[in-house]
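Participant: Sequence:
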Amino acid sequence: MRRGVSGTFNMEQNSEQKKDASFSDCLNFPSSPARLQPRRHSAIWTNKELVNCADQPITNLNVIQTEYAKTLHLKNIAVLDNDERIRHASVVTTLNQSLIPSSRVHLEEAQRKKSKMKYCSKKSQFSTSTEKQEGKVNSVTANLDKEKNIAFLLNELDVLRANNKKLQDQLFEKDKELKTLKLDLELQESIAEAKIAEKAAALVEEIHSAQHAHDEAIMARLKLASEERNDACKQVRQLEQPLKTLENINPEENDMTLQELLNRINNADTGMAIWRTGTIIVDRIYRTQKQKKKITAEEINALIEERDAALAQT
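The sequence shown begins at 1 in UniProt numbering and counts up by one.
Keep in mind the hints are simulated off the structure, nothing from the lab. Don't take every hint at face value.
[To be verified] Here are the computed lysine-lysine pairs in the DSSO-like style, where the Cα-Cα straight-line distance is at most 30 Å:
{"id": "1", "residue 1": "K146", "residue 2": "K136"}
{"id": "2", "residue 1": "K179", "residue 2": "K165"}
{"id": "3", "residue 1": "K223", "residue 2": "K122"}
{"id": "4", "residue 1": "K223", "residue 2": "K290"}
{"id": "5", "residue 1": "K223", "residue 2": "K294"}
{"id": "6", "residue 1": "K182", "residue 2": "K165"}
{"id": "7", "residue 1": "K292", "residue 2": "K234"}
{"id": "8", "residue 1": "K234", "residue 2": "K223"}
{"id": "9", "residue 1": "K146", "residue 2": "K176"}
{"id": "10", "residue 1": "K146", "residue 2": "K118"}
{"id": "11", "residue 1": "K195", "residue 2": "K182"}
{"id": "12", "residue 1": "K132", "residue 2": "K122"}
Could you put the whole structure together from the sequences, leaning on the hints where they help?
Facilitator: So, in structure tokens, the structure goes:
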């Protein structure tokens, strides 16, 4: 059965090639190769479909003739003449009318299955390609995220370095201010100590000057006292000279009071008695003055000792 079909195909192929040349002209009015190129590709694809369909069991000869006629006129679209366009169109219409509905359904189902298989393969390829692209995109985004994170961290590091530098500068300035404050404080302390030392020196000088003045005053008083003592001694010596002659004349007269001596002068009859009584009174006065001078000298010595003790303490 298949050998007969193939022989019929070879016989009809030679007779239909001439018709296909005119049939392509009637279907395609423009003859430019650029516009006919898509139709050639579609014709080749239809021939491949026919070869694939030939592997299936074919039970009707009309179906094979119809498909073969379609393949021939799609292959030779660009070589048909204008005179044969109408005749070839009528042949195609008669062939299409002679097709059996069941064969059409069978071909449509085969085409649907094949298109579905192509769609599935393309879908799987597309899914794999999309997965690869998604993987690439994910890797690229991950790299971009890493680069962004690195850039962000570097920026943060620069900011922290700048802040650290500012803080170090501020610390250096504060340290300088602290050192200047310490120096100012030390200078003020030294100035205060110098002022205190000056005041102490002035006070000591005042004390020394006051002590010197006091010493000078004491020495002047002592000098005056010594001069007075010397004068008194001279006077005493002058008075002692006449008393030496009268010494121990009447020892009882030494025990007489001043009032008794005065009464004795009043009661004296002669000048010698008055002179002797007056001498006794003068001697009594001299002794009293001498005792007073002795007491004064002792007081002066006590004052000198007190002064020496005060000078030793200072």
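Participant: Which numbered conditions among the earlier hints are violated in the structure presented, ordered from lowest to highest?
Facilitator: Hints 3, 9 and 10 are the ones this structure does not satisfy, whereas the remaining hints hold.
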